[in-house]
Amino acid sequence: NRGSDSKAGTSGKVGIDLPRSDSDFWNSYNSYIEKGVKAGDVSALPRTNSQNDIGKLVANVQNFANQGAKAIVMAPQDTGAIASTLEQMAKKHIPVISVDTRPDKGQVYMVVRADNKAYGQKACEYLGAQLKGKGKVVEFEGALDSINGRDRSEAFASCMKARFPAVKVIALATDWKGDVASAKLQTTLASDPDVNGIYMQAGGVFLQPTLALLQQKHLLKPPGTAGHITIISNDGIPEEFKAIKAGQIDATISQPADLYAKYALYYAKAALAGKTFEAGPTDHGSNIITIPNGLEDQLPAPLVTKDNVDDPDLWANQLGKS
Amino acid sequence: MTDPTTPTPDGPAPPPAVQAEGVVKRFGPTLALDRVGITVEAGDSHALVGRNGAGKSTLVSVLTGLHVPDAGRVSFQGEPAPAAGDTAAWQSKVACVYQKSMVVPDLTVAENLFLNRLGSGRVRWSALRARARDLLAEYGVEVDPAARAGDLTVEQGQFVEIARALSFGARFIILDEPTAQLDAAGIDRLFTRLRDLQRQGVAFLFISHHLQEVYDLCSTVTVYRDARHVLTATVAELGKAELVEAMTGEAASHTAAWHATSAARDTAGRQGAEAGPEPEAVLRADGLGLEGAFDPVDFAVRPGEVLGLAGATASGATALGETLVGLRRATAGRTLVAGRPVRPGSVPHALGAGIGYVPEDRHRQGLVLGRSVAENATLSVTDQLGPYGTVLPSRTREFARRMISSLDIKTSGPGQPVSDLSGGNQQKVVIARALARDPRVLVAIRPTAGVDVKSKDSLLGVVRSVAERGDAAVIVSDELDDLRVCDRVIALFHGRVIAEFDSGWTDRDLVSAMEGLPSGGDKGAEE
Amino acid sequence: MSDTSQLTAADVAAPDRAPSGAPRLHLSRYRDLSLIPVILVLGVIGFIVSPAFLTSDNLIGVLQQVSELSLLVLGEAMILICGRMDLSLESTIGVAPVIAMWLVMPSSGSATYHGIGLLPGWTSVPLCLLVGLLIGGFNGFMILKLRVNGFIATLGMLTMLRGLQDGISQGKSIVEVPRSFSYLGGASWIGAPAAVWICLVLFAVGGLALGYLRHGRALYAIGGNSEAARAAGIRVDRITWIVLAVGSLLAAFAGVLYVGHYGAISSTQGDGWIFQVFAATVIGGVSLNGGRGTLFGALTGVLTLQLVVNVTTLGGVPPLWDKFLYGAIIIVALIISRFASGEKQD
Amino acid sequence: MSDTSQLTAADVAAPDRAPSGAPRLHLSRYRDLSLIPVILVLGVIGFIVSPAFLTSDNLIGVLQQVSELSLLVLGEAMILICGRMDLSLESTIGVAPVIAMWLVMPSSGSATYHGIGLLPGWTSVPLCLLVGLLIGGFNGFMILKLRVNGFIATLGMLTMLRGLQDGISQGKSIVEVPRSFSYLGGASWIGAPAAVWICLVLFAVGGLALGYLRHGRALYAIGGNSEAARAAGIRVDRITWIVLAVGSLLAAFAGVLYVGHYGAISSTQGDGWIFQVFAATVIGGVSLNGGRGTLFGALTGVLTLQLVVNVTTLGGVPPLWDKFLYGAIIIVALIISRFASGEKQD
Ligand SMILES: Nc1ncnc2c1ncn2[C@@H]1O[C@H](COP(=O)(O)OP(=O)(O)OP(=O)(O)O)[C@@H](O)[C@H]1O
Ligand SMILES: Nc1ncnc2c1ncn2[C@@H]1O[C@H](COP(=O)(O)OP(=O)(O)OP(=O)(O)O)[C@@H](O)[C@H]1O
Ligand SMILES: [Mg+2]
Ligand SMILES: [Mg+2]
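Sequence lines, in order, name chains H, Z, G and D.
1 is the number of the first residue of the first sequence in the numbering used here; add one for each residue after it.
1 is the number of the first residue of the second sequence in the numbering used here; add one for each residue after it.
1 is the number of the first residue of the third sequence in the numbering used here; add one for each residue after it.
1 is the number of the first residue of the fourth sequence in the numbering used here; add one for each residue after it.
I should point out that these hints are in silico values taken from the structure, not numbers from a laboratory.
Treat the numbers as computed from the prediction; the structure is a model and nothing was measured.
Errors might be hidden in some of the hints.
[What the hints assert, rightly or not] List of simulated lysine-lysine pairs, DSBU-like, C-alpha gap at most 35 Å:
#: 1; chain 1: G; residue 1: K145; chain 2: D; residue 2: K344
#: 2; chain 1: Z; residue 1: K100; chain 2: D; residue 2: K344
#: 3; chain 1: H; residue 1: K105; chain 2: H; residue 2: K70
#: 4; chain 1: G; residue 1: K145; chain 2: Z; residue 2: K100
#: 5; chain 1: Z; residue 1: K100; chain 2: D; residue 2: K145
Based on the provided sequences and hints, a complete structural model is requested.
In structure tokens, the structure reads:
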């Protein structure tokens, strides 16, 4: 697996750490990264995987540094505990590209992520519109200690409060666990049978359990029919698209795994080349903003509904090909 | 090298119940059995005696298939022993009461009795309990078959194991020190049962350190010494002295304890004389009582005196002993050492006040089995083995060596785990621990349980010597041999003092007192 | 009783033994019922916080939610009773179905997951169970033959099997599974999910076996004092081995139910469950040192844990304090049960 | 030694007893060294897979990476040796610093996290340690006074404390901490991180205490047979309580180091560590049943685990199979050490 190292494209190698290997979304991301590396976008050291463990991540990054990496791509799932590592890298003048999360502290060359607050915002607006501003919505929150989960929850909550005060939100802590979500949803349905909206913060974990439960309870009514529960998901994985086509869920927000990978490598290359960026719109329809500890390229996260579910530009629709 | 010319009561006709030849068993470096043999004729009751660590229990585990011998042959009724591991087959040949407890504490008495004999199909618990009750009744043990085995007293537990072994209907039964934990009454009940079985032609291999029992029960005796076979003879032809000599390998100096006693009595007397009418008691219990165990008692132990607390099962004697050493908090009265009251219910304070303790059950309270002999022997003196609360290994080993040699503990060295010692030697380690602090008062509960004759004398001698040097000792026991060492014996029965004897009591008086039938006077000078 | 003359000591002992004997009995029985009061308390609280609590919908829901966990608890309880432990159950529930899928799913086609299509789809359930058996067998081999420390060995297996699942499934959830595989977990018989009936039956069978069959009782003897058990002619190693295998078998079966229940083989299925499994088993009165406890107790343990979740959800606990409350309730429950049984726990 | 006539038996014994003392000792010593061969093997592999392995940078890195974990292992080892267990350590490492911050951080200002600013910043470290002590003390109270099952009690604490951390920190990582708080974890003394030196010293002190202090030795007696220890006049409950408190204290201190090391109080810090803690401790030769093992052994345990991670990372194992390999290596290591010590483990 070190074969790809040999054909050094630009000067110096990039150390790439993959955050975890047990989630559909991240595995797609991983595969895009591999594609990119194979395609010679950059020459990379052997990929490491921190299995969602900050200790491993820090160790891996240090190993990259020891092995002479000139730039580092990581996706720290823990945005706090990466701080001192970022500072070390800054001292060593190794630029760091942080994918998907925005480190709380420590210099980064570029943060490549879609705006998670926007996710919550969009979900809220969609549900609010669909429910005509009233009803009961169940929200599967991710882990409380995950920045992405928190951003989505906060944005969703504040938007609901501000714009759809008549909608009652039942927030359920799930720790990103499908079975927990299913159990709590089942309980909630027993106490509030009139739930008519669901927002799941991660389709990857919540989709199947939720569908299975609703199936069992005969609550999977096609859109438009009475008693239909409006469901909006998040991630934009192929299963969600299937569900949308099948009319089981209404929408999802496509978290662009492909763009994450593409621009992670893009900025890594740029960093090797010593390029610098500043805030403002980019050539790829996104927007770079300034954050206290660097820049953040906020990639677009399109809302996917029945209407645009077949859009070939959506990453999930490209998986089959190439 | 068994002695083939072993005289057998009933001719050569039936094959021997068990025959073992050239059995060798090593435990790591320790040679536990060195080419030994034994032949138990059918229907014979055969005694196996030897000093602690001679290899008796090891032979037992070889004969019952628990250990595979490194060399040698074992055969039952003439046919070779079953394959190792095929425990079921072994059980059909031989039943055994092991020296170490083989009850499952969390199971009921009934289930322990019929362990793995619950029959096929559904277990009928009520029926099982009924059978258990009958079985136990044969031994006159009043135990609720539904009680947790772990909650039984040591004695009752022992009887459960005996009843289990004898209930197999095996033609050959091994009993490894079954009487070590029994009181006189219990031993009677056991022996009547065994004699019944003898009459039915069941063969026994009987291991005990009470030589008298050997003479009472057995017709043949085999002696092991240091893992080797020494002799096999008919009991009738072998005098006690010769037997002891065979075991110890030296001219018997039995009755050592006796000299000790008489000597001690003078010294005690003399000191009494010098110190005037009321010498300061080393240990005094005034109104000491424990709810539910024993009524308040008063007694004082003078310097140079050994006091005996005689009590059978559930007499409260042990409870009294355990209260004295602070393991149980007295509900009435107090304990004084040299006039100063001891904080009740606190072992450290009792130790500090100079009370040494030999607990009743060495496995429960005596030893940390996983740890070395040295560590166990010095457990209560860790504060004396180095400056500033340190424990120096050198001093620990040194200390342990002294104990090992003075108590004649058979071990491969201070570093050997106690769990590898033979039963009797483990007991010696416990006593070493009690003596480690040079206690002013030594409270010993059944100090000689499972200890061989010679060691018994030397141990009792040790207890005496505590008294000799002007301190005092209390022996809680129902073994007459232990009590003989005492200058004074208080007999408890069901939590009450029922009689008090000066030394020179007769066995009959004391035994009947322990059984609750005080024969009034404490006179009678013959032994 | 033979002749009285020699019975004095025992006779006298009897009076004060009797009382000490009786309570014991109750105690040991209490030990398994000690969670009943806890469950009652939870029931009352649930009833107060929400009328929905006592609806059959909700209660059946609770049962269904614990169905998979309870099978792991069933297995672990038996393993603990015979004095061992197996941490790898939480990974077996995930890897067994995945291996089965890998063997039966066609190597090409529309399905998002491609296996090697070695065997027809209907074999998937038997395959899954077989894999469970093999895993348990291997655990037994390490623990009983190689004599390595069971805790670490199964902890290593836990990690290894989870890794194996990631490797084989490429970390994906597997959504398309053969009909037969997802049937049991999804079906519902006479008004309640099939899984619930199955679990209840399995617990009943297990309970009877442990209570009334010779080999069942042997587990207690082995766990309580394996040396005594061996001396009594019980085939300690063989039975332990079988128990370990059955435990993993149950875990694999739980995997089958899980897939039907949640509609996919999740890549994190069972992840982190082992704590709950132990919590449920031990709080239910099964001793970590072996030889004590009943399956019924273990079952009450699982139900208690899930009822806590159910009640806190109905009560609408703020997510931020959800976990805190859960832990606190566990501790309170533990204390209640300890004083309900009046027995010191160790 | 009284009269020689008594010694015959011993004398006779001497010949074949004498040699036996040594080997026994060795065995028990092997038990603690049994991981050395494993570590050597790992070293060789590491050297083969990557030249970077034997660089001081890398090796010191390994030491630093385990510094926090090793403190938990130190605490757990002592607790296990005296026959108890404490699962809550993994949450203590996180909640203790958070509570300290909550007390010292100003309730308003630029910092992203707002506490109640009750106390000045320099008190944060002592506060953190104090919190650790209190947590350990509470565990001791539940286990020794209420006599509830220690496993469940501390498991409940694990969840509760983690929940408490989420609650107090609103699930956020806390980035701004007082200088004094982050110093130790970040500083580096004579060429190596301070944390490494501190851990080594603490292990040395602990090892000496357990080996050569009476109260240290007492742990072994208590863990081996608490009743015997009690009968020998050892204050069992008091010492156990102290050990539990010290264990949590160490966990809290590990928290301090963690914060300095990673630059923030992570909201998930310590999450899921307890498995590694037990793995390291037990693979290092400490018995789960108490009374056996040494701190040195435990230390080799931690190092082994981290070396595995280090080597697999350097070797560039494909991510999907990384976990699998890790688990497999643990098992192999376990088997090697078992046969190296030649001792059956249980
Ligand atoms: N499991 C073991 N490991 C190592 N050595 C052992 C083991 N069991 C017994 N030994 C050693 O074998 C020798 C014989 O032990 P054994 O128990 O047979 O003596 P014994 O005759 O039964 O003594 P006692 O009368 O005290 O019971 C002793 O030296 C003992 O230390
Ligand atoms: N702590 C206690 N609380 C209540 N009852 C007790 C307590 N200790 C002992 N007993 C009861 O008091 C009686 C005497 O107990 P003890 O253990 O002293 O008998 P013993 O003399 O030791 O008999 P054994 O020789 O069987 O040990 C027994 O019936 C016992 O059940
Ligand atoms: Mg013996
Ligand atoms: Mg007693």
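Taking the hints in turn, this is what the structure says about them:
1. G:K145 - D:K344: Holds. G:K145 to D:K344 sits at ~10 Å (cutoff 35 Å).
2. Z:K100 - D:K344: 22 Å, holds
3. H:K105 - H:K70: At roughly 21 Å apart (the allowed maximum being 35 Å), H:K70 and H:K105 satisfy the hint.
4. G:K145 - Z:K100: 26 Å, holds
5. Z:K100 - D:K145: Holds. Z:K100 to D:K145 sits at ~33 Å (cutoff 35 Å).
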